[in-house]
Amino acid sequence: MKPVDFRYSRPGTIPEAIELLNEGAGGAKIMAGGQSLGPMLNLRLAQPEQIVDITAIPALTMVTEERDAVVFGACITHAAFEDGRVPDPANGFLRRVAGGIAYRAVRNRGTIGGSLVHADPAADWITTLTALDAELIVATAQGERRVALEAFMMMAFGVHLDDGEFLAGIRIRKFSPAARFGYYKFCRKRGEFAEAMAAVVIDPALNIYRGVIGATQSRPLVLDDIRDLLRGGGESSAPNGAALARARDRVADLGIDDDPITDAMHGNAFARALEQVIA
Amino acid sequence: MNERANVGIGARLPRKEDDRLMRGRGLFVGDISMPGLQDVAFLRSPLAHGRIVSVDVPEDCAGRVFTSADMAGVKPIRAVSGLPGFKPSSQPPLATGTVRFAGELVAMCVDENRAQAEDLVSRVNVDIEALPVLADTGTAQAVDAVRVHEDWADNIYLETKIEKGDRAVLDNAAIKVEREIRLSRQCMAPLEGKGTVAWWDSRLDQLVVYTSTQLPHMMRTGLAECLGLEERQIHVVAPDVGGAFGFKCILQPEEVCIAWLAMTRRRPFRWLEDRREHLVAAANTREHHYRITGYADAEGRLLGIEADVAVDVGAYSVWPFSACLESAQIASILPGPYVMPYYACRTVSVATNKPPFTPYRGVARTGVCFAIELIVDAIAREAGREPSQVRLDNLVRPEQMPFTNITGKLFDSGDYPESVRKAVEAIDLPALRARQGSAGDDGRLLGIGFATYCEQAAHGTTVYSGWGIPMVPGFEQATARVTPDGGLELRIGVHSHGQGMETSMAQVANEILGIDPAQINLVHGDTALTPYSTGTWGSRSMVMAGGAVSRACEIIAERAKVIGAHLLQSSPDQVTVSDGKVMAAGGSVTFAEIANAWYKRPETLPADVAPEGLEVTAGYKPKVDSGTFSYATHAAVVAVDPEFGAVDILDYVVVEDGGTLVNPLIVDGQILGGVAQGIGTALYEESPYNADGQPLASTFMDYIIPGPCEVPDIRIVHMETPSPFTAHGVKGIGEGGAIAPPAAIANAINDALRPLGAEVATTPVTPHRLLSAIAEARAKAAGAVAQ
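Top line first, the protein sequences correspond to chains A and B.
Counted the way the working numbering counts, the first sequence spans residues 1 to 279.
Counted the way the working numbering counts, the second sequence spans residues 1001 to 1787.
Next comes chain B alone, as it looks inside the complex:
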């Protein structure tokens, strides 16, 4: 018998979907065309806050321009939370009365093509009476501030407070470091923007919505709520999706508008978000402001963290995640992978006149990691020790696993300190320190930075039920169906938009059934064809849908054994399934032969065959559903040019433990893409707003994303500690790459700036911010000398 190469779990299998995607044969929303399709362009509010006095539509545009008055009966988007004190917002698809951010939809214009629809937009006159604008969390929290939502008592969606441990342990802290740390507002900038095409299928009496989403089933629920349809009347399809990153989890008002047009006009309509719409009105994210104090003993052992955090959530609570996901996560995960006896945190989610805040790859973890890791480095500098050593002293140790941390998070498995040791070794810290000590070669300053984090993923019912938001994940289902010729179809309710699930799910099935991944099709992204799911978010798909696929295939295997054993004149307990066959001592039958018997030659089946046949829908939830914890240490080496504030990343190492890796090649791709985005957050990407709430970065000329020259070769070292709680020991790792780079890079910059006494604490570290920090340090030094 010839030994086949492993194509199951653990194989570095090239992605099946790449053949079509790399040849330009994918099918995205923008590729859909059909007779009579009309394009939609939106008239967006030019002001960040104001009362709509009038919207004047020229007479000859009647029937082609729609305002909120036309959409009477459509319910606003309303993302609630059960957390005590939470104030939900109501976001009408088209503004009614008040506009609350620049870019909010005021009217929609319909024509044969987008250019003509935009011509219509320019002919509609909107008169808005300006109201005072809240463009930052400080202004919005002032007692006498205007209200973003008129009936609120203040501009706070939610305030949370947490305190753990006895504050007395801080009394004798030898080290106390206080910092103000900020992450600027930014975008997500997926390759493909948002897009929606909708029409009415009169045969099925259904609204059909093709939309670029991560959560097709949730979108159906959201659209049904807004449009007043029953869910059976809506069919949502997510075709190929060109990057999503959390932005495409959100029910957008544009989606509701397009669906409403299709429902009421019974014709096909399309809206394709352009880059400008995306940059100014869509995927705002990341804006955290920390006032944080770290306490430690003289050696840098953490005694406690106190933090006051404001998140600029913008004008509306997004559906289904709500305006509190980010801040609630901050409070619960700020301690990161560290052990400490005391922790206190207050968070406020503040309403401002900016576009709604949307969770982005890494969600709150990127901000939290930035804050805590800058503090750990500041403590290390105070203690006069290597930051990596201080990390080793404070991290959860492997013998403590599974470990419940100070906020009650249950870390499942792993050797966190080992990730630091491996990173130190891979980056060759001693050699870099020696190089730092020698005379500089080109006037640039060398710096080394580390960041360690853990990433809760695939968190389920027990975590989300407490939040009371519109979406609480339960069991995840998958359908496995053997085709009449012995191939396999898998149907899952999550969606792949860069994760390579058409490959990795086939590998899981192969692990159980031995069917070649080339003969396995994945059906996903379609509410009519797949089991219900909350969708792809929270790095959950491999754990949840992968677990369900595994379970469904196990049941298929059992049923195949009954038929196969009969065909082999053996008994089910005498046969095994492998290599796409049922094997007995004396021979084997293939899945093709078994399928042939079930579908075409039922007269050959045994009397005790399962009547459910070769199609199974199975449900799955991990033994412990509070989430898997991947973790990693990132190490960055930078050269800082103190004349221009330029930062060059010379080396970058990621040591990551994502549990059992189903496809390490895909994992590498996830890490590389995530780190590229993290580099964007660290050094380039920013959506600034002026005091009038006007967006200042509306094209890629002003909104800078890293290109190939800005992303260095990234070296990845894998560790594999299986999760004790999940099928096959897998953990979610989809977001990790984007979590640590801002922290690792800023720590490296601060290491480089140490001789100048300067420090940065705001993302992105632009040349201007870096040079300001140096100038400030010089002024301070000069002042000290003068005294």
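Just chain A, with the same shape it has in the complex:
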């Protein structure tokens, strides 16, 4: 399959990109690496009249350090995270997650922002950045607006972006040195999208005890406070096994999927992510 005929632009500034989007009206589509859009174009699942490639906008590949957070440009590649070329406010967790995304060829071109806007429920960043409670910076004609990732993704492949808007940056808070991160995903084949995935973030100093179940049919499922799952039966001396079994059953019983076997997988993925933070 070959794509339909389309115009291609590669603007150098955010306002130019917004202008192109507005000119194209509904027929324009942002490309931020093209690792999902490319195949969709070839399969003619996407038939835009105009492609606006935003990867040449310098502001979108920059990193800004704030006092308590780091803001990443949306067009920073997975490989840049994997290779440690950008700071990691989550103590190496971003680097670890990035290194497991698809294949190196995809990581070389695929970007963090592109992945979030594509919003495949089984994508690594969707689940892990939801666990980190990332805040998104959306470029608008008026300037920018900010939205939590949890509120940004509405459904599978559906995000809250109005016409003429695009994702410009991702703000991730700096976690404390004692923070612990767990992440487990199960893929049928190395590099494929996950069948089940879960992330856990524990940062007592910031009062964060968060678990996220990904690879669902829709948005990730957030467990805001999992403190009760961290202790075996309420006693800190209890073996982890009991805590993990409880966590597994808790998630499996949520009925995320129609299928009990898939639900059990979600539970097992969550238990394995949890295991990494309580081991």
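Worth double-checking, as some hints may not be accurate.
Have a look at the derived ranges for each label pair, beta carbon to beta carbon [as the list claims (entries may be wrong)]: (1) A/F6 / B/M1022: 34 to 44 Å; (2) B/I1032 / A/G38: 21 to 31 Å; (3) B/L1191 / A/R104: 17 to 27 Å; (4) A/G84 / B/G1036: 25 to 35 Å; (5) A/G84 / B/C1709: 17 to 27 Å.
Keep in mind that the hints were calculated from the coordinates and are not lab data.
In this text the structure is predicted, and so the values were computed from the model without any measurement.
Don't be surprised by glycine CBs; every beta carbon is placed ideally from N, CA and C.
Since the structure of chain A is already known, use the hints to place chain B on it.
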């Protein structure tokens, strides 16, 4: 005299063709370009079954869009079989009236490039009235089912029945195991898809077709039949072919369409299959459904097998192999390498609204091996014995060779039990059993599985004449020609598409003539340049074309001796050929000197020289043409994660006997590639269809093939028992690697699941299937406790 390294038969010579292929300098159909070349895209049926009400072509597209109405006079593809009761189908290149699977060609659109041709496709409106869909063999066999082919009485291409031995031996069977065993439909996914470029050569008044095929000569026949041309008017060339695996044996309707365009428009046209077309509409294969019962005594000695097998052959009978190749093979080879007093099998080849079934590397053997080997393991579990021991008790023994089995197959040579013993030793079964007995390290379950098979290859006239299909192989020919400077050209009608024949055929010639393989060229894949052949299929090329090359070179040697002896002032019976020279007691002359005499200095030739010169076409057929039998035992060690249903292959051993190995390095490559494909069948590859006959895996996102991380290091142990029937004792081994992995891996999984009482019997063993089996076993156990 310095001793030269052996570069003849048996040498691990690196492949000559790899220099160009690994540097990206191969020439595939997709690399061909020429002025005025037009690309073709096909409009394919969106429905699996329906009547075409109308195909609306916008007025401005006239002359660029073609339907079956434009192709009046072109005959449908019709692959018959002489087997009693067989119903042939007629497959028009573009659908006429009825569409019978989703993806069937309805119209073709032509433009300057593929993207624009696809634009045209999107502008053609096709209206199809939906008919009920037959998406599985069960539905299709219902008495009141709609017919895939309207004039048929039912949806069965062919039913076969075979019964051998006295069923009374089953009466006292201590062990009876009944299983329902399935192989899912899958694809072949060669690196290079199908592709065809065709044009009309007005000088030679010939249709020239460059196509990605294994059988250039057969394609010429097929195209001539469909297009109404004489075969002399068609020139078929198979350039470099990037993997074929049986898919590229088949005359595709797209090939007929492109050839028709070139013939009628007198311009060059091209179609390159894309991955989506391949996955949804092309190389469907493997879908067998077995209801099978194994009978054995208390020790697990086989008393008999009874089986009822359905093959989902899809909508059309493929040319030239027909819709019955798979099922007819199943009936005749299901007993595998085992000895048993009773055997009964019924097969049905069922028509459904799915793409046509195409024989894939291993052909029926992969399914048969999966079925019988799961049964052997089930019997072993019932008997409480090691599955490898039960195999040893049931396999044909070396002292019985050559052995005629219960279905009349003649096994040529070998020590089958020794392959099991070597596999047990190589995998270190005792150590693994000890490890299984100890506490698990990481919660995963360890399992060991074996599978033994034999692989009939290079089967010839006596086997195929009984089937009455469009293709019956006879003698195979090769041409050997000494060039004027003393090099050698070999011309063969089979085609190489990964088999390394440019190297291995040169090694055979070297064995006879001693000419350096570097000075030997192989010409193949071209109907204008090579002797006729049914082509490369059935692991036959090394046996058949290799035998013909050997024979042709022997004749060249005799003729060279006459000239050489004369130049050496000796006599032909006093000289020998070796090392690229004719040697006499007092000296030697090279092939270059002999060729120089023949081609450029005929005044120096002896009076009794053969006027046919240094060019020979020789024919060959093995003494016994019912086929060589390679065999192997595969052993797999797996770790099963019972929480996710993941299967990790920890170790994999292949003990294989392929007779004399012409190039063991190439054989290793064949085995490794085959095992990788077998792992795909075992664990990953599946083309599911929903009840509407819609394909659910249309990209590599949904159709999973194993990658480097999924294929473990595979350890190969060679045995070499020459075939008594063939030149140099070679046997065909091209398909073997892909035959046993599903069986060995599933047996290993079932060994791992034994403590849970669970068992899998369907390929691919996906996480979901594995976890379902565990859940089912747990539910059963809970039910038993409750009672």
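Verification of the supplied hints:
1. For the hinted restraint 34 to 44 Å between A/F6 and B/M1022, the CB-CB distance of approximately 36 Å keeps it satisfied.
2. The hinted range of 21 to 31 Å is satisfied by B/I1032 and A/G38, whose Cβ atoms lie roughly 26 Å apart.
3. Checking the proposed 17 to 27 Å range against B/L1191 and A/R104 shows it holds: the Cβ atoms sit about 20 Å from each other.
4. Judged by the Cβ atoms, the range 25 to 35 Å given for A/G84 and B/G1036 is violated: they are separated by roughly 53 Å.
5. Between A/G84 and B/C1709 the beta carbon distance is about 23 Å. The supplied range of 17 to 27 Å therefore holds.
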